[in-house]
Structures are given as structure tokens and as C-alpha cells.
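Based on the sequences and whatever the hints tell you, model everything.
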Amino acid sequence: MARVQLRQIAMARSGDKGNTVNIALFAPSDDVYEDLAREVTPERVKAHFHGLIEGEVVRYLLPRLRAMNFVCREALGGGGSATLRMDNLGKCYASNLMRLEIEIGDDSG
Amino acid sequence: MKTIRIGAGQGFYGDSIMPAVETAKRGNVQYLCFDSLAELTLAILQKDRRRDPAKGYASDIARQMKELLPIAHANGIRIITNAGGMNPAGALREVKRVAQELGLRGLKLAVVTGDDVKSELDAFRDQGAALAHLEDGSDIASIRERIVFANAYLGSKPLVEALRLGADVVITGRVTDSALFLAPYIYEFDIGPKDWHRLAQGVLMGHLLECSGQAAGGNFSGDWQSVAELENIGFPIAEIQEDGAFTLTKTEETGGLVSVDTVREQLLYEIHDPFAYVTPDVVLNVTEVQLEELGTNRVRVTGARGTKRPDTFKIVMGYSDGWLGQAIWGYSWPDALAKARTADRIIRKQIEQAGLQFDEIRTDFIGYNSLHGALAAQPTEEPNEIYVRLAARTNSREDAAKLGRLVPPLMLSGPPAMGAFLGMMKPRELLGMWSCLVPRELVERGVQVTLTEV
Numbered sequence: 001m002a003r004v005q006l007r008q009i010a011m012a013r014s015g016d017k018g019n020t021v022n023i024a025l026f027a028p029s030d031d032v033y034e035d036l037a038r039e040v041t042p043e044r045v046k047a048h049f050h051g052l053i054e055g056e057v058v059r060y061l062l063p064r065l066r067a068m069n070f071v072c073r074e075a076l077g078g079g080g081s082a083t084l085r086m087d088n089l090g091k092c093y094a095s096n097l098m099r100l101e102i103e104i105g106d107d108s109g
Numbered sequence: 001m002k003t004i005r006i007g008a009g010q011g012f013y014g015d016s017i018m019p020a021v022e023t024a025k026r027g028n029v030q031y032l033c034f035d036s037l038a039e040l041t042l043a044i045l046q047k048d049r050r051r052d053p054a055k056g057y058a059s060d061i062a063r064q065m066k067e068l069l070p071i072a073h074a075n076g077i078r079i080i081t082n083a084g085g086m087n088p089a090g091a092l093r094e095v096k097r098v099a100q101e102l103g104l105r106g107l108k109l110a111v112v113t114g115d116d117v118k119s120e121l122d123a124f125r126d127q128g129a130a131l132a133h134l135e136d137g138s139d140i141a142s143i144r145e146r147i148v149f150a151n152a153y154l155g156s157k158p159l160v161e162a163l164r165l166g167a168d169v170v171i172t173g174r175v176t177d178s179a180l181f182l183a184p185y186i187y188e189f190d191i192g193p194k195d196w197h198r199l200a201q202g203v204l205m206g207h208l209l210e211c212s213g214q215a216a217g218g219n220f221s222g223d224w225q226s227v228a229e230l231e232n233i234g235f236p237i238a239e240i241q242e243d244g245a246f247t248l249t250k251t252e253e254t255g256g257l258v259s260v261d262t263v264r265e266q267l268l269y270e271i272h273d274p275f276a277y278v279t280p281d282v283v284l285n286v287t288e289v290q291l292e293e294l295g296t297n298r299v300r301v302t303g304a305r306g307t308k309r310p311d312t313f314k315i316v317m318g319y320s321d322g323w324l325g326q327a328i329w330g331y332s333w334p335d336a337l338a339k340a341r342t343a344d345r346i347i348r349k350q351i352e353q354a355g356l357q358f359d360e361i362r363t364d365f366i367g368y369n370s371l372h373g374a375l376a377a378q379p380t381e382e383p384n385e386i387y388v389r390l391a392a393r394t395n396s397r398e399d400a401a402k403l404g405r406l407v408p409p410l411m412l413s414g415p416p417a418m419g420a421f422l423g424m425m426k427p428r429e430l431l432g433m434w435s436c437l438v439p440r441e442l443v444e445r446g447v448q449v450t451l452t453e454v
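From first to last, the protein sequence lines stand for chains A and B. Residue 76 in the numbering used here sits at position 76 of the first sequence, and the numbers go up by one each step. Residue 22 in the numbering used here sits at position 22 of the second sequence, and the numbers go up by one each step.
Worth double-checking, as some hints may not be accurate.
Said to hold, decoys possible - Only part of the chain A face toward chain B is listed, based on derived beta-carbon distances under 8 Å:
| # | residue |
| --- | --- |
| 1 | ARG13 |
| 2 | GLY15 |
| 3 | ALA24 |
| 4 | ALA47 |
| 5 | PHE49 |
| 6 | LEU52 |
| 7 | TYR60 |
| 8 | ARG64 |
| 9 | ALA67 |
| 10 | ASN69 |
| 11 | VAL71 |
| 12 | GLY80 |
| 13 | MET86 |
| 14 | CYS92 |
| 15 | ASN96 |
Stated by the list, open to error - Covered stretches of chain B, as calculated for chain A (at least 3 residues, CB under 8 Å):
| # | stretch |
| --- | --- |
| 16 | 235-243 |
| 17 | 264-274 |
| 18 | 361-375 |
| 19 | 387-395 |
| 20 | 428-434 |
Honestly, the hints are just simulated from the structure, not real lab data. Glycine residues also receive a C-beta, built at the ideal position from the N, C-alpha and C atoms.
If you want it as C-alpha cells, here you go:
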């Protein structure tokens, strides 16, 4: 097992809808996808974004696309046109997620 | 086999016009579709319309049409745009004016109205629509008096009707973004209203095109530095065939990248439940979608599944939610962050001393944590410069304006080496968003398609 930051192994894009942000996370291979599915749980994402996401985080798995989608409620301080935040459209959430460190299997590096 | 080519023209109000011109010239498309309305655009356009009732549409439509109409006319390209925003009739007037200035004759312009339901809200309630908040079920009473706009997300139906009437240009207000692109597919292949899987493919095609550059290497989180010529990015073009299978591509002369990776990043963009992405035309399931790279900048997309469309339309309302006061100024090395933090403390104390009432005060240190918030790691090296951004929310426009006035004295009486005070920023009205569902028939009876000829 090795410890890596998500930025080394994954891609992600995020966007807004009302006060909700979604972050889609993508793996380059099936092995990495399994690692992501095991390690990047909704609980970890919620904890990682402590102070930014106030509501629940729901995760959807899409193995065929080697993707997963995190839907994060109450994540924009009221939403694009009501928030005081500078990342008012949530586009930086994806890169923020890339800071997360996870354990990956030896086959995934 | 018949194939139609549909080009992405714009992904939001203010997007670049040149990629659409490039596609019109060299893209061999039959349709160019412009999504001018990001989620908060109606809030911006409504503010315009309150200042001047003749405005309220995406005002870049005039410049767009001036560039595009002659090419579209010559190449037989039909244009579909939601640039009508809060005032489709105003947008029509602009397009007419431009067409006349260009000396174009025989142009058919269609306008779709009925998405603006602000004046219908009480009637909707009387007929049983609760207008409760879609996310948390809360009662609309708390914001009823503060609503400044209310628009339904219409589906593709009136757009298809406009195309059947022979419209060369279709102007709408709020419709689902994907409907702009789905409509020509339905029209060209006469797709039935319950042909769920094909409708799902059409919605997915629209979803991939609606954010312009994002499916063609823009905002790409992968190896973004290797994406060619972003300054000359080509917007995506879909080649769709009767069964709904489509290939995403772009013109060869442009920069950007259409690959499995850039396409799948866009595939889930602003989608919540990938098993059930609800649109007025069909509920889309993208979990079985297959992406296949056919060659350079060519990705084939299949496997979208659809189920029955909902019996409701989504309505999004904007309501007044106070005022934002804001100020931004910078400090130089050394100790830039310490200076910025001290300045923040000074201003906050002065806010207290002045008795200003703010519901929320927020400080961002630009260059350190303004985009990453609490996640930002303490800088390990001293930054060369840090900007302070102070923002406050209040119900009073006057109080919002007072925030900025506290800052200039810091020049002479605050921490050393302050630069770039960006002036007193004008207070900005904050608009809250309220989403709810309303029975389809209540909305549909108000929808109209009007055709005029230039």
C-alpha cells in the first residue's frame, strides 16, 4: 500500500446548482477506481470539506465510467447569487478535493 | 444514413463569440444553439430589466447576430438561443434591428414565451401547487413578498414547434439548457414524446454541448497543460443519427481537445443523481453510458437510458436577500499575511465602534485562502503579497456602502505598505434562489410560440 494525494491519480470537476455543489471524481483505471471507491467515502468528503459543506454528502458510483459523483448540500453559503464566498459557483471544490490523501494498492500506482 | 450536425454556440452570457463564428463557417452544422443562461443569469438580467424595462435579455445577442446572421443565412444554419432571458420580446427587437441593418430578407424569427410565471404564482397556489422549496420543503410564505422573478424551465416542445413553423432563429427565455439542442434532434427525426431512450440520448447530447468549451478541453482537470491552443478553443459539435448515437467533435482548425477524459468530465457536470437526471422531456440515466474514442477529437457516445418524463415543471425564483458590501486591498512582503490579518482586526473593531449591523462578515485573504477557505494550508513560505477581501451582508444598502469607507484611512494609519485599494465597491443586491415544482399543465397553458418575418 502507498499513500498518495488524489491529484496524483485522479481527475475531478465540480459545479453548482442552488446551494448544492456536485463533485465528479474520475479514475484512470479500474484498479484506481476500486481504490477511490474504497477510500473516498461520502463521510471522508464531508469531513475534508469541514467549514465549507454544511449539509449532507451523497455519493453515486458509476463503475462503467470509472466515476463517482458527490452531491454536497448547503455547500455554497446560500448559492451563487446570495453567497459572500469568492468561489460562488463551486468550481474550486474539485481542486480542493485533490488535496485528499488516500491509501492505494500496489497495482494502482 | 442521415446525420445532423449541431454546434455549441455559447455556454453562458458573456461567453466568447468567435468559436460560434468558426463553427458557422467551417463546422458544416445545420444548427447552432446558444445557452446564454447560467443558473444565476436571470438574476443579473432581472436587475437590468428593473433599471430599464426594455432590457433584461442577454445584450451580447446583437453583436452575436451581427457576426453570425450573414454566415448562418448563407450556409442554411438555424440558430436557437435562450438569450431572451427575462425579456424575449426585447431580444427579438434587437435581432430584427440587426437583420434589417444587414439587409437580410425573408428571415423567420420565432419567440417562445410563457416561462416567466411571476404573475401566475397566486393562480398556481389557488390550483393546489404548494410552491414549497424543492430541497427542504419549506413554505414559500417566508419569501413571497421578496420575489423578484419566477421562471419555469420549459422543455423542448415549443422549440420544436418553432422549428416546424420554419423559424431560422428561435429566441426563448428559460428553458432547460439541453432542450436547446434536443429540439433539432426531435424535429429532424420526428422523435416521439415517449421515445424515452432516444430522448435520453438527445438530452445527453445537449448536456455535453451546453457548456461550450467544457466538453472540448476547457476547465479540464486532467492534463490541462497539454490541451492545445485554449486561446483558440473550438466549441463542440455533435453528429447525431436517428437512433440517438452521436459523436462529439469540433472543427479541425481550432484548439482544445475532445477526448474520452474531457467528455466524461462534462458528462457529470452539475448532475446530481446520475441514475435520474430530471428534465421536462425525459428522466435521464447516464450510468450505462459508453464513450469510445474514434480518432483525434472524435468521441462516440451511446448508452443513455430514459424513463418517463415528470408531471411537473421546475420553477426557479429569485428573491431579495439583502445587500453585499465589499472592499479589497493589498499588502506587500514582508509579513504580508500578518499585515492583512491586522487590517482585518482593525476594520472589524471599527465596524463595532460605528455600530454597523451586518448579518454576516467574511474575510478572505486573497493569495492564501479566498478560494479554498478552511482547507487552505498555512503558507510555508512568506507570500510576496496578500489581498484582504472583506464582505458583509446586511438588509440596508446604505450600511453595505459604509463598509468600504472604513478602508482608506488604513493607508496612513494601518499596517505598512498597503497597495491597490480598489475603490469603494458599489453595494450589490443579493438574490436568494427558490426552486419548486408545479404541475406541467399549469405552466404549459401559458406557453406561446410567435413567428415574425423580417
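Original post:
Which hint numbers doesn't this structure obey?
Top reply: 4 and 16
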